[in-house]
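Engineer: Listed below, chain by chain, are the residues.
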Amino acid sequence: MLTVDGLTLGYGGQPVLADVSFTLAEGEALALLGRNGAGKSTLMKALIGFIPLATGRILWCENDISRWPPFRRARAGIGYVPEERRIFADLTVAENLATGLRTPDPESPLPPWDIARILSLFPALTALLNQRGGAISGGEAQMLAISRCLLGQPRLLLLDEPAEGLAPMIVHDMIEAINLMRAAGLTLLLSEQMLPVAHACAPRALVLGGGRVQAAGAMEAVLEDRALIETWLGV
Amino acid sequence: MVWALEAERITASYGDRIILHPLTLRLAAHERVAVIGPNGAGKSTLFARLCGQVPIAGGDLQYFGESVADLSPNLLARLGVGRSFQVPALFDSMRVREAVTVAARAARRGADPEALLAQVALADRAEVPAQVLDHGDRKRLDLALALAVSPRLLLLDEPTAGMATAERAALYRLISRLAAGGIAVLFTEHDMDAVFAHADRIAVLHQGRLIAQGAPEAIRANPEVQAAYLGVTDADR
Amino acid sequence: MIDTLQTLLFVLLNGFVSGGVLFLIASGLTLIFGVSRVVNFAHGSLAMVGAFLTYTLLAYLPYPLAILAAVLSVALLGAGIERSLIRPLYRAPELLQLLATFALVLIIQDAALAIWGPEDLLGPRWPSLSGSVTLLERRYPVYNLFLIVAAAGVAIGLHWLMGRTRFGILIRAATLDAPMLAALGVREDRLRTAVFALGAGLAGLGGALLLPRDAAHLGLDLTLVVDAFVVVVVGGLGSVGGAFRAALLIGLVQSAALVIWPKSSLVLPFLIMALTLWLRPQGLGGKPPPPPGPPPLAERAPPLRPWSVRQKQALALAGIALATAPLWLSLLPGSPRAYGLLLLTEFLCLGLFAVSLHWLIGVGGLVTFGQAAFFGLGAYALALVVPSARAGMPEEMALALGLLNAVLIGGLGGLGVGALSLRLSGVSLAMVSLAVAQGLWSLAIQAKGLTGGDDGLLGLSPKGFFADRAAFFLLVLVLSVSIAVFVRRLSFAPTGAFLRALRDHPGRAAASGLSLTGIKLRAFALSGAIAGLAGGLTVLTRGSAFPQLASLGQSVDGLVMLVLGGQFSVIGAFGGAALFHALHSELIRSTPYWRAILGLALLALIFARLGFRARRPAWFGR
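Residue numbers (numbering that gives the first Met the number 0), protein chains in the order written: chain C, 0 to 234; chain G, 0 to 236; chain A, 0 to 621.
Check each hint, because a few of them may be wrong.
[What the hints assert, rightly or not] Chain G regions said to be covered by chain A (calculated; three or more residues, Cβ under 8 Å):
| no. | region |
| --- | --- |
| 1 | 88-96 |
| 2 | 104-112 |
| 3 | 140-153 |
[What the hints assert, rightly or not] Cβ-to-Cβ under 10 Å is the rule here; a few derived chain A residues that face chain G:
| no. | residue |
| --- | --- |
| 4 | 131 |
| 5 | 302 |
| 6 | 493 |
| 7 | 496 |
| 8 | 499 |
| 9 | 503 |
| 10 | 504 |
| 11 | 506 |
| 12 | 507 |
| 13 | 510 |
| 14 | 513 |
| 15 | 567 |
[Claimed, not checked] Pair by pair, the computed Cβ-Cβ distance ranges are:
| no. | chain 1 | residue 1 | chain 2 | residue 2 | range |
| --- | --- | --- | --- | --- | --- |
| 16 | A | 274 | G | 59 | 27 to 35 Å |
| 17 | A | 124 | C | 125 | 53 to 61 Å |
| 18 | C | 109 | A | 178 | 49 to 57 Å |
No lab work stands behind these hints: they were computed from the structure. Note that CB positions come from ideal geometry on N, CA and C, so glycine has one too.
Given only the sequences and the hints, what does the whole structure look like? Please build it.
Structural biologist: See the structure below:
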């Protein structure tokens, strides 16, 4: 469904990602692993269209979307949950949800998301609907960011560090929610620094380091490669 | 003794959300201390407070025994605090030599521009306008501008971000020489190899808390740090 | 004094009326700014068009329908303007954005002149709303009460729209983080067009509602937009709620002042603005500004380099040609000497004015739209001193004293505006400086006892030695050349270098130990002093002082010169002045629609510059 082919880009003339390629089939989940600064977030931003590519292509359902503006990619079914969550701080939680709302495509194979279904996925949001977006905790903000995105009826979800900065209890809930979304048929690309979280969410891994793909394959194999972890992931 | 930097239970919050829990950190002359932590741990918040960009809300911050909790950045510079920026902050319309000279004059502390240029290996580019420098040179010029205040304390925010490996090593050699000369250096860095090779002490931030502080070996072995970075807990091992 | 219940009631009612009108105009401006980050100078022009259109439509339709049709037309016009003109400007430097929308002011102004003519068009009475009611034994116009109700209705409607509809939620979200909204699938570009149309429609409504009470006339555009600027700055840029509170505050204070001390009502809005900026620079409803991050996306200034030998030779030649002008002008056929010298002297004065702007905008990156304030201050400082000084001392001394006073008062004005805008930059600085200049301009018109108002002050041509045009021309030449050289040298000296450092990166300048406030104050003082001198010399050249010298037109003339010649060098300032003066004096003679032509030329120039920039390859990130 998604094919990234030879993607290269940089800020201010300095390459950040070089020659990144991978594919993602419908319903699959892939975890991007790598340290801070490895280029995971940059890759996510390039996929939603915030950063232009220097070279390479992004194919989505057989269309070359490399030059599409972000709104068009979102409407085509790519949902982006940024690392900083980017909740609209002055809007209430309910209003934040409304910004993402889009009527479901009747031809979509996936069941549509509505507020009721969102609240059953994240019951904690129910009590918060009238709170200001800027006043909720990090974990709540993460749930809200994902929910806001789901209401746009995406088929692919780009989750940038979904467990970052969350308390261990909440991380557990988050993993559960991610697996529920997968079970509902969503395709997932998530970036993660915490290996157990990645392990619990995705069977495939892609290791980024120094702006390049250092390894790719089954999660188990990657996690067993001590040398790989030492060089590209560990402290 | 008088610490170069002494942060005593400083805090930061945004609205009713706490971003930094009371944090105590000290730094002596000659010392190189790295502040590390996952994204969103509060590093940039801490850094903005230390540079005087955002006033300190709670706790006390002293440089060289003077309280600087409500000093603006320009007064910090006159006190001998030099800082670098993650995205190089240069005087883009100026040539390299001119930029360094202006910065040195501005600080009224008289660093020698030529010596600075030699230090950061930009002497042969002195007449190039800053706006056409490549990234590595921009990072080095940014450091030279930080050094132009003749600092006793250097605050470096990702000083080698985006640099090539060889450049990075050279820059850390320079930082080590500066520390040996008596400057206290506090830096953030995402390259863990660099951190463990070049820091005398490492402070680890996680979720707005200082979860560990100590020598590199101790930090590497610290299970809490491992957990923060990889999510690995003892049970997983 | 407000000592009876009756007075209190009428103070309140009048306050609500003027506050309501202010809100009608300002709400659209702040709404557009919130979503697009563009300050639309032509907002007052849209209101003016609303008033004129209603006037025309009233020939065919009853009042309510005429107003509705006018509002919809202005909204449509706004959408068209956004699509064609504003859209390419979103990434442009602020100076160019502001100038482009000002070009629109000029064009609309002349279009209105062509369609509706120069006369004031008094609207017919609105039959069902004319007459008055008796309140506490005093008569009060029904239409004023209607205005209060209408403004309240609009405020409530906007409140509902922003809080209860998806469109409103999207507007607020776009104000906070437009790229994220795009990533959620919202068509940001369409949202911007819609908001622009909404804002324009509100402006049109404000203009249309003025018609039954006041006349539609060509001066409405600038009066209204300046009022709106003050409200928007006090309320906080982009905040509709803040604009509401600010409009009410200003309206009530003004209405109270009219009873207590009528003379103060003109300057009161500006005092409120000054006070707000002092206590709360972000305005009533604004957020505290983010800490100084990377510099704004301004045009990068080129390196300052010493003049080459060839440039020096060319400059010397130009200097010789100018200095010998009295000789060669009299050799030309048709004896154009007197007129030629007048034109050249005027050019030098304009050049000096452009140099003062070059220092602030080119060297300091401080975009001001109120430079005419200093020009006018200098002009009147000289005009008020010379006549009395002439009585007691030789003419030359009196002139020197007058010019000195012009420099001094201009410099003090600079200090004042500098102090007012210490914590401002970008568009807020431009808006505040403009508002202050407009305040001074209307003061010059109203303070008839001092300035003679629109009749001006006359009899100010130099007598004695400098009565000779050539002698005076040479005096101006010597003064302007030495000041230009001084400014040029100062740019290289620490004073100028620190100012350039501030322009290039405020954050780094502060981290290097520079006090940004001190640098800004000095820059404004010097710029004000030079502009003041230019104003004083202009008065001597023309022999008279008129309020126009302090008008917005004068400020914009200076900006056009700077854009024409290039803002980064003194040569550019004089070159732009020469080009502008030549074009301008030709244009005014050849057509009554010179404003529109100037506006079109300005737009062409701006888009040419943007096109040139767009071709440069660049990486960009968020």
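Engineer: Now tell me, hint by hint, if it's right for this structure.
Structural biologist: For each hint, the structure was consulted:
With a threshold of 8 Å between beta carbons, the proposed coverage of the region 88-96 of chain G by chain A holds, since 7 of its residues qualify and at least three are required. For the region 104-112 of chain G, the stated coverage by chain A is satisfied: 5 residues place a CB nearer than 8 Å to a CB of that chain, which reaches the threshold of 3. Restraint check on the region 140-153 of chain G versus chain A: 4 residues with Cβ-Cβ distances below 8 Å, three needed, restraint holds. Against a cut-off of 10 Å between C-beta atoms, the interface hint on residue 131 of chain A is violated, since the closest Cβ of chain G lies about 50 Å away.
Checking residue 302 of chain A against chain G: minimum C-beta separation of about 4 Å stays under 10 Å; hint holds. Because the smallest distance between the Cβ of residue 493 of chain A and any Cβ of chain G comes to about 6 Å, under 10 Å, the interface hint for this residue holds. With 10 Å as the threshold, the beta carbon of residue 496 of chain A comes within range of chain G, its nearest partner Cβ sitting at about 5 Å, so the hint holds. Interface restraint check: residue 499 of chain A against chain G, minimum CB-CB distance 6 Å, threshold 10 Å, status holds.
Given hint, residue 503 of chain A at the interface with chain G, holds; its Cβ is 4 Å from that chain's nearest Cβ, closer than 10 Å. For residue 504 of chain A, the interface hint holds, since its Cβ comes within 10 Å of a Cβ in chain G; the closest pair sits about 5 Å apart. Taking 10 Å as the C-beta cut-off, the interface hint given for residue 506 of chain A holds, the closest approach to chain G being about 5 Å. With 10 Å as the threshold, the beta carbon of residue 507 of chain A comes within range of chain G, its nearest partner Cβ sitting at about 4 Å, so the hint holds.
Satisfaction of the interface hint for residue 510 of chain A is found here, the shortest Cβ-Cβ separation to chain G being roughly 5 Å, below the 10 Å cut-off. Interface hint status for residue 513 of chain A: upheld, as the beta-carbon distance to the closest one in chain G is roughly 5 Å, under 10 Å. With its C-beta approaching chain G no nearer than about 9 Å, residue 567 of chain A sits inside the 10 Å limit, and its interface hint holds. Hint check: residue 274 of chain A to residue 59 of chain G, Cβ distance near 34 Å, so the stated range 27 to 35 Å holds.
Under the hint 53 to 61 Å, the C-beta atoms of residue 124 of chain A and residue 125 of chain C, about 57 Å apart, fit the expected range. Separated by about 26 Å at the C-beta atoms, residue 109 of chain C and residue 178 of chain A break the suggested range of 49 to 57 Å.
Figure legend: structure checked against the earlier numbered hints; hints not met, in rising order: 4 and 18.
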